[in-house]
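Visitor: Once you've looked at the hints, dock chain B against the given chain A.
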Amino acid sequence: MSRRVVITGVGVVSSIGTGRDDFWSALIKGESGISKISSFDTSDFSNHYGGEIKNFNPEVFIERPKLAGLGRASCLAVSGAMLAVRDAKLNLEGIDKERFGVAMGTTMAESQIFQEVNENWVKKGEGAINPDLICRLPANVLSCNVAIEFGLKGPNYVISTACAAGNYAIGYAYDLVRTKKADMMLAGGADAFSRIAFTGFNRLLAVAPELCQPFDKDRKGMLVGEGAAALVIEPLEDALNRGADIYAEIIGYGLSCDAHHMTAPYCEGIKEAIEKSLQEAKLAADDVGYFSAHGTGTPSNDKEECLAIKKAFGGYAKKLPVSSIKSMLGHTMGAASAIEAVTCCLVLKNGIMPPTINFKTPDPECDIDCIPNTARYAKVDIALNNASAFGGNNACLVLKKYG
Amino acid sequence: MPEDKIVITGLGVISSNGIGKDAFFEGVFSGTSGIKPVSLFDTSLLKVKTAGEIKDFSPQQFLGPKGLRTLDRSTKLVASAAKMALDDAGLNITEENSRQAGIAIGDTLGSISSISDFDREALTEGPRYVNPALFPNTVINSPASQVSIKFNIKGFNATLSTGFSASLDAINYAVDMLKFGKAKVVLAGGVEELCIQIFLGFYKCGFLAGSSGAAGEICCPFDKRRNGVILGEGAGILVLETLGSALKRQATIYAQVRGFGNGFDAFRINRYNPQAEGLKKSMRLALEESGISAQDIDYICSGANSSPDGDAMETAGIKDVFGQSARELKISSIKSMVGECFSAGGVLQAIAALAAIEKQMVPPTVNYQEKDPACDLNYVVNQASNCKIDNVLINAFGPSGCNSSLVISKFNNN
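Protein chains in written order, with the numbering used here: chain A, 53 to 455; chain B, 1146 to 1559.
The hints are simulated quantities; they were obtained by calculation from the structure and are not laboratory data.
A hint or two may mislead.
Pairs of lysine to aspartate or glutamate residues, derived as EDC-like cross-links and limited to a Cα-Cα distance of at most 20 Å, are as follows [as the list claims (entries may be wrong)]:
#1 Lys1327(B) with Glu332(A)
#2 Lys232(A) with Asp1321(B)
#3 Lys1349(B) with Glu332(A)
#4 Lys175(A) with Asp1321(B)
Extracted from the complex, chain A is given alone in its bound form (with noise of 0.2 Å):
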């Protein structure tokens, strides 16, 4: 009845390298995206930094008039789609593209289209409302950009739970593939840097100078960031009929929600994703090789998840790798879970985990193996990739080696 899925391309564009194979090298050296923000003038807020994209140039990816029509957020989707489309060697002629479609998870989807609006708005009134600008502005225009570059007619879903939505995005076009819904899904997610994301993490007090330091003792924060990633999904038969290279097989997805808090994060929700999705997986605590946490670096976020992981693991909790990939490229909110699965796909096929960057003071609240500074080879058969977001959703998808 159910058909074993797999991951079979992957694409993402990222703070530290747009492709798989930047991304990676960038990834594993442990190098920071983070830079001062560029696209808005910062001198009224105390903090300047945040992983903004700075080199790249959607015109590689997607044809000049097609792009008047798009929002940085549709532009990071399609051009990460386009590159898991091409890292998976699909041959879009020959695909029943009825069967084919998409699920983007996003925070805020076109945020810097809103900004321009808001500023013609506070500028000059309402009067300078573009109208080509809020055609480009509905969340749902993400997985609508991306299915009309390929020409997807299968499913096609924008889900929006803010920084969990990309594993939910995954875990859904994981559940229509496995149940015959569709035959091959794009999922994944995207968000542009956003200046309202900037200005309210700000009046949270919920960012660092500098440097996003998860799990230390002396961390001080998140650091917003952009991002986009893509994945392609489809049921193992085919991609072993169409000798694809698979990346990983995804065995399981578990989600909670707190109902607690809208910001505050919660351990016994974190606890409860993960144990589902270990459960439908089934699989035992010490199966998992590796643990990509939500890891933001504020001081809540990291207590409140290392918590979550001592209580799902519990002896094995101090033996497990985790790492925060969000050390390097801040939080890309629904872009987060995408990278961060695109990197458990990558763990699983290259055995090399990556660091958690910054780390210099251990902190006993977060007494895990947070992969400090330095990437580390070991053979992983299982990663979990974990997020959490706003509204106290949770989200942790299960990724196991293929062969």
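Guide: For chain B alone, kept in the frame of chain A given last:
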């Protein structure tokens, strides 16, 4: 198999033509229009002045006096609808069953006013002075998340932002999660609020009736005079559960969710596909999943919203899928009364479908006068019509290319 059948055991609805089940049912059957002059914001400088605005809404009535101050309108609407739905279903979410309860909400524009207000305050007052308590409202999932917090829903919390089809997609997501065994009960539906930002956006894009030309502001689906949409707002929540769960707690069953289909028109954003390919596909898939034939559908609760191309597209799609029986089918659009509620549109139609099944009556398309050769089917116009209704097909579609169809059937336990 009781775990394979998904039933609806509760509903909550807030719309411009009725707050609560009884008022909404009465409103749609009597052909009452909720479309009136807008009072939420100033329209004096615009050519369009009406919308399906919800008047006399008091969230305190449903949610109590506390904790409402920082919630946005979408959140108050959907949380109130959720409270009604839970009460209607006689469902008590406790520590014991909260992990088996989920929520799936269709919401695409719901946070636009919150995002815009927050950002404009930061731009005018300076980023150090904007109220941080309003920041959580800027994420699109905040209405759904606040419902989880209020009612202790811990199983999962999903927001689907697929525009016009969002609440049908959310209902389908809920059905999927129930069938996959990831929850025993799910609150599913959608919400969209009326605000100056969305109103101006639609107005400036020329989507609103009366925003250009001389035809004026009329919401008259399928009528030759139609000239664009009248915006609306609303929230609807259904309590969905497996038949097993409903029987175990001896719940009253409104109807069964029979099947769903969707299809994307990879055509062009903001243009309806005149061939209706995506909508034809969604209707066919919904029938297929329901295991019934086109002839078994008694009523189509249409997504037509008085836009010239959209109504014609749905009509063409129905003719293609239903063939000979297309002309015998009863078809109507409640959007003639509540306006285009976008992400909430589908669930309001679904609730109208439940009304139709319960009362064996089709709600009318109001404001219908002039026949259009491009829309020449058997629409139920201006007055409700009694007939046998076992199976209802609900369509939701828009110019973004997302098309979804849902079949809801009279419950029959055999």
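Visitor: Decide, hint by hint, whether the structure agrees.
Guide: Against the structure, the hints:
With a C-alpha separation of about 10 Å, the suggested pairing of lysine 1327(B) with glutamate 332(A) holds against the 20 Å cut-off. Taking the CA atoms of lysine 232(A) and aspartate 1321(B), the gap is about 12 Å. The hint holds against a cut of 20 Å. Proposed proximity of lysine 1349(B) and glutamate 332(A) is contradicted: the alpha carbons are some 48 Å apart, above 20 Å. Only pairs whose Cα atoms come within 20 Å are accepted, and lysine 175(A) paired with aspartate 1321(B) is rejected, the gap being roughly 47 Å.
Taken one by one, the earlier hints fail for this structure at numbers 3 and 4, listed in ascending order.
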